[in-house]
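*Asks:* Residue-level listing of the chains:
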Amino acid sequence: MSMIKAILVDDELFALKELQLQLESLPNIQIIGSFTNPLESFFNITMLNPDVVFLDIDMPEVSGIYLAEQIMTTHPQVKIIFVTAFDKYAINAFELNAVDYILKPFTLERIKKTISKLEEKIEKNINTDIHSLSNQYKESVKKFFIYEQDNIILLNIKDIYYIEALNKFVRIRTKDRFYNSNHSLNYFENKLKNLDFFRTHRGYLVNLDKVAEIMPKINYSFDIRMTDTNDLIPVSRTNIKLLKQLLEL
Amino acid sequence: MKNNKSYIIYLLIISLISLIIVIEYNSFKNNKGVPGIELKAKQGILDLTDLHFDDESLHSLDGEWSFFYNQFIMPDNYDYSAPGIITVPGLWNSYQYNKEEIGASGYGTYRLKVLLPSNCNEKLALKIPDMSSSYRLFVNGKEISHNGVVGKSIEEETPQWKPLIKALNTDSGQLDIVIHVSNFHHVKGGIWESIILGTEEAIYKHRELNLLLSFILIGVLFISVFYYLVIFSVMQSNVTSLYLAMFSFMAGLRELLIREAVVFLIFPDISFKLMSKLEYITVPSGPLLLALSLYSLYPTEFPRKIMNTIVTVFSLYIIVIIFTPLKIFGPLMHLYLILFIIAFIYMIFVIAAAAKKKKPGAGTLLFGTLFLLLTALIDMGYVYKLHNNYDLAYTFSIGLIIFILCQMHSLSLNIADVFQRAQGLAKAEMAFLQAQIVPHFLYNTLNTIIHLTRESPEKARSLLMELSKYLHGKFNFDLYNKNKLVTLEYELDIVKSYLAIESVRFSNRLKVNYQIDEQTLNHKILPFLLQPLVENAVRHGFRKNSEDCIITISAFVQEKNLILSVSDNGIGMPKNKILALTKCDYSELGTGLTNINQRLNTAYGTDLSIVSTIDAGTTINIKIPLRSDNVHDKSNIS
Numbered sequence: 001m002s003m004i005k006a007i008l009v010d011d012e013l014f015a016l017k018e019l020q021l022q023l024e025s026l027p028n029i030q031i032i033g034s035f036t037n038p039l040e041s042f043f044n045i046t047m048l049n050p051d052v053v054f055l056d057i058d059m060p061e062v063s064g065i066y067l068a069e070q071i072m073t074t075h076p077q078v079k080i081i082f083v084t085a086f087d088k089y090a091i092n093a094f095e096l097n098a099v100d101y102i103l104k105p106f107t108l109e110r111i112k113k114t115i116s117k118l119e120e121k122i123e124k125n126i127n128t129d130i131h132s133l134s135n136q137y138k139e140s141v142k143k144f145f146i147y148e149q150d151n152i153i154l155l156n157i158k159d160i161y162y163i164e165a166l167n168k169f170v171r172i173r174t175k176d177r178f179y180n181s182n183h184s185l186n187y188f189e190n191k192l193k194n195l196d197f198f199r200t201h202r203g204y205l206v207n208l209d210k211v212a213e214i215m216p217k218i219n220y221s222f223d224i225r226m227t228d229t230n231d232l233i234p235v236s237r238t239n240i241k242l243l244k245q246l247l248e249l
Numbered sequence: 001m002k003n004n005k006s007y008i009i010y011l012l013i014i015s016l017i018s019l020i021i022v023i024e025y026n027s028f029k030n031n032k033g034v035p036g037i038e039l040k041a042k043q044g045i046l047d048l049t050d051l052h053f054d055d056e057s058l059h060s061l062d063g064e065w066s067f068f069y070n071q072f073i074m075p076d077n078y079d080y081s082a083p084g085i086i087t088v089p090g091l092w093n094s095y096q097y098n099k100e101e102i103g104a105s106g107y108g109t110y111r112l113k114v115l116l117p118s119n120c121n122e123k124l125a126l127k128i129p130d131m132s133s134s135y136r137l138f139v140n141g142k143e144i145s146h147n148g149v150v151g152k153s154i155e156e157e158t159p160q161w162k163p164l165i166k167a168l169n170t171d172s173g174q175l176d177i178v179i180h181v182s183n184f185h186h187v188k189g190g191i192w193e194s195i196i197l198g199t200e201e202a203i204y205k206h207r208e209l210n211l212l213l214s215f216i217l218i219g220v221l222f223i224s225v226f227y228y229l230v231i232f233s234v235m236q237s238n239v240t241s242l243y244l245a246m247f248s249f250m251a252g253l254r255e256l257l258i259r260e261a262v263v264f265l266i267f268p269d270i271s272f273k274l275m276s277k278l279e280y281i282t283v284p285s286g287p288l289l290l291a292l293s294l295y296s297l298y299p300t301e302f303p304r305k306i307m308n309t310i311v312t313v314f315s316l317y318i319i320v321i322i323f324t325p326l327k328i329f330g331p332l333m334h335l336y337l338i339l340f341i342i343a344f345i346y347m348i349f350v351i352a353a354a355a356k357k358k359k360p361g362a363g364t365l366l367f368g369t370l371f372l373l374l375t376a377l378i379d380m381g382y383v384y385k386l387h388n389n390y391d392l393a394y395t396f397s398i399g400l401i402i403f404i405l406c407q408m409h410s411l412s413l414n415i416a417d418v419f420q421r422a423q424g425l426a427k428a429e430m431a432f433l434q435a436q437i438v439p440h441f442l443y444n445t446l447n448t449i450i451h452l453t454r455e456s457p458e459k460a461r462s463l464l465m466e467l468s469k470y471l472h473g474k475f476n477f478d479l480y481n482k483n484k485l486v487t488l489e490y491e492l493d494i495v496k497s498y499l500a501i502e503s504v505r506f507s508n509r510l511k512v513n514y515q516i517d518e519q520t521l522n523h524k525i526l527p528f529l530l531q532p533l534v535e536n537a538v539r540h541g542f543r544k545n546s547e548d549c550i551i552t553i554s555a556f557v558q559e560k561n562l563i564l565s566v567s568d569n570g571i572g573m574p575k576n577k578i579l580a581l582t583k584c585d586y587s588e589l590g591t592g593l594t595n596i597n598q599r600l601n602t603a604y605g606t607d608l609s610i611v612s613t614i615d616a617g618t619t620i621n622i623k624i625p626l627r628s629d630n631v632h633d634k635s636n637i638s
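Chains as they are written, first to last, in our numbering: chain A, 1 to 249; chain B, 1 to 638.
Hints are computed from structural coordinates only; laboratory data are not their basis. No experiment lies behind these values; they were computed from the predicted model shown. Idealized CB from N, CA, C, for every residue including glycine. Take the hints with a grain of salt, since some may be wrong.
To be clear about the criterion: a stretch of chain A counts as covered by chain B if any three or more of its residues have a C-beta under 8 Å from a C-beta of chain B, and this derived list gives those stretches [as the list claims (entries may be wrong)]: (1) 83 to 97; (2) 103 to 114; (3) 213 to 224.
Restraint-style ranges between C-beta atoms, simulated for each label pair [claimed, not checked]: (4) A/D176 to B/K484: 56 to 64 Å; (5) A/A93 to B/E429: 55 to 63 Å; (6) A/A212 to B/E559: 54 to 62 Å; (7) A/N167 to B/S468: 54 to 62 Å; (8) B/T487 to A/L155: 34 to 42 Å; (9) A/N92 to B/E429: 20 to 28 Å; (10) A/L48 to B/R461: 46 to 54 Å; (11) A/D176 to B/R461: 36 to 44 Å; (12) A/D159 to B/S237: 36 to 44 Å.
Chain B is faced by these chain A residues, among others (derived, beta-carbon under 8 Å) [as the list claims (entries may be wrong)]: (13) L23; (14) E24; (15) S25; (16) N28; (17) L208; (18) N239; (19) L243.
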């Protein structure tokens, strides 16, 4: 069997180096790249063409789980192994058992076991399913990956005005244009946890920083007007009180 | 959801109340169970010839009866000298004899001639209430019943209060009713309730309905005694339930003694003395036990002094009842009924104050108590003949049932509330412990140290030192005791170890500014206040991006407050979290912040203050009021 080409991603330098050292001791692994910046790693994947990516989960800007999802979208043949310091509780909570993972601090035995599983998967060409894991993983993503034809756009969360659920897809509104995504609005709500986005309505997730004003309507319900775009977003009656309190802060 | 539940309970209570009222009302109205009072006796003769007696009619023998004071006239010995006229039902206390009121004590003969309808073929019966205090009753020359032994002096008389039903032989078209009544034991004398004539069937039906009501009431009351006692046996700290058990017991006892005097079914030979004492004791024990239970429920709304006064006043009366004869304790009841009303009104205000503070169950209790007072007033009105509506005579019993139901509901809410709070407390404590040990951090640090042993054993050693210091602080279980305080210096040392570890992990991308006023270092504070804040700040700082994470920790004294502050330049805190903190809605917050806020609240009465801008950073301030003895005294915070 040929060498397995691996990329390592961890924002902690020592953790990255340690994993590198351990993996280097194995005969069938070839490390072709190590990154402390997760976004940088993503844009090198096409060029490096790895078999496997070792991903730390808890990283700034985007989590390992969100990054893994993007890698699966663009390079479905690449296998993912998560590296994490989560305890047993978190592993169960995030359903990490469904995917391959290594716990920090890592033992060589555990790494070997994971690698032999990996070889099997490469042989049988089994892809990891990240989507269900990513769908429910709550985090504060700082940049969204938007795929348009052949382009990948990194959309800054700060530039989003609101996200609107349409029939089969969602539409992300920025100052100048719309972006489409096949994910559900709930997916975006989970990814924007701990950021100031508010579900004003079943079909709308609104950036509170971009709200210009609340406008009462004749039938006792409310709209909000967004800055710049002047778009009107409906607010469901049950959410109006909480929204007002949040905007007063 | 919670609101829905309480609506359902209120709906149940209201429907139950209406059910009781409907049963009560219907059983009396539809079955014609209410004795007629249209025809009144005049000058010792009651003319019922025009009355149509069918199966179910009843008629009270009310009106003007002939009365012979100080004479027991046998029915065969008609001596019509100086017949007086007296109203039945009524008391003879104010009857004028030789231009003087005769008062309570004495004896005499009542007589009434009843002219029956000519077509009366039904078998008739009399329902004879108890009289004060003993009687002997003759109809058409024959003695048909007696209560106790009538006498001409207190020694000769044996009182007894026992309602009776007697069938009559009515061959002639009239009834000649002669009753010897004597009273030397009670402060009210005479035939105080209506004697009722009716067909045998109707009379028994009337009694059955009364018995039914009594049994329902007695059943409910004694079941509630059992319920309260069970609660008390499992929760001995809940004294309220013990008082309420006693309250219900007293109410049940009263139900046994009044109305049809069910007690005679169980103890036919119960003595008059015991029975009258028991019946009287049930009255003052009501406000007494209610006051005790309310005080245990709402100690802040119910001043201890007033509670003590109520308890003393009514206990005194109970003692008087136990140790003195009816003649002494009987008249006192008039005074006590006024006190009773005053005490009740006061307690209603207490409950209203509790209800205003949204104490659990106070609303229902208020409703129940108001209802109880209202029905008690209606009942007293009957006893004092302010109104003569027999329908309303026993409303108090219904008031009592409704009160007991409200009381049960209220107590259940109370217990549920205590239970929920205990659960919340246990949860908070658990969260506190969890917040103190973050395995994620520990594993990452170990991972870093493992690597450093290869690269720089020196660095690894110093990191292990810091980790040991940090863990010493965390595993100082002495501090998990609620009353322990630490110096700010101690807390800061653990924070410094933590930050030293993190700065190695993140390869010096962590910058920390300490702005600590030297004088603050010796102030005693709750442990684990700063650490979770600093740990949050680091996590937020690094979440942002690959820039440096800058943490500022400051401590200074401002206007007699120690201010501790932690800032970061991280992702900022979302508005909903800040709102959750101001609303004390802890479900939205992380366990760390929740916990600090709760502990600050209980120990110092202050809250965390958070200033945060998304993507620019967060500053969290802790305010600790300084007392002059704060530096030295350890036990000043409980």
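*Asks:* Against this structure, judge whether each hint is valid.
*Replies:* Hint check:
1. 83 to 97: Held - the stretch 83 to 97 of chain A has 4 residues with a Cβ nearer than 8 Å to chain B, which meets the minimum of three.
2. 103 to 114: Coverage by chain B holds for the stretch 103 to 114 of chain A (4 residues, Cβ < 8 Å).
3. 213 to 224: violated (count 0)
4. A/D176 to B/K484: 56 to 64 Å: holds, 59 Å
5. A/A93 to B/E429: 55 to 63 Å: Violated, since A/A93 and B/E429 (Cβ atoms, about 21 Å apart) do not stay within the stated range.
6. A/A212 to B/E559: 54 to 62 Å: For B/E559 against A/A212, whose Cβ atoms are near 39 Å apart, the range 54 to 62 Å is violated.
7. A/N167 to B/S468: 54 to 62 Å: holds, 60 Å
8. B/T487 to A/L155: 34 to 42 Å: violated, 49 Å
9. A/N92 to B/E429: 20 to 28 Å: Since the Cβ atoms of A/N92 and B/E429 sit about 23 Å apart, the hinted range of 20 to 28 Å holds.
10. A/L48 to B/R461: 46 to 54 Å: Given a distance of about 37 Å, which is not inside 46 to 54 Å, the answer is violated.
11. A/D176 to B/R461: 36 to 44 Å: violated, 56 Å
12. A/D159 to B/S237: 36 to 44 Å: Violated, at about 59 Å.
13. L23: violated, 13 Å
14. E24: violated, 12 Å
15. S25: violated, 12 Å
16. N28: violated, 22 Å
17. L208: Given a least distance of 6 Å, the restraint on A/L208 holds.
18. N239: Result: violated, 12 Å to nearest chain B Cβ.
19. L243: violated, 10 Å
Of the numbered hints listed earlier, those contradicted by the structure are 3, 5, 6, 8, 10, 11, 12, 13, 14, 15, 16, 18 and 19.
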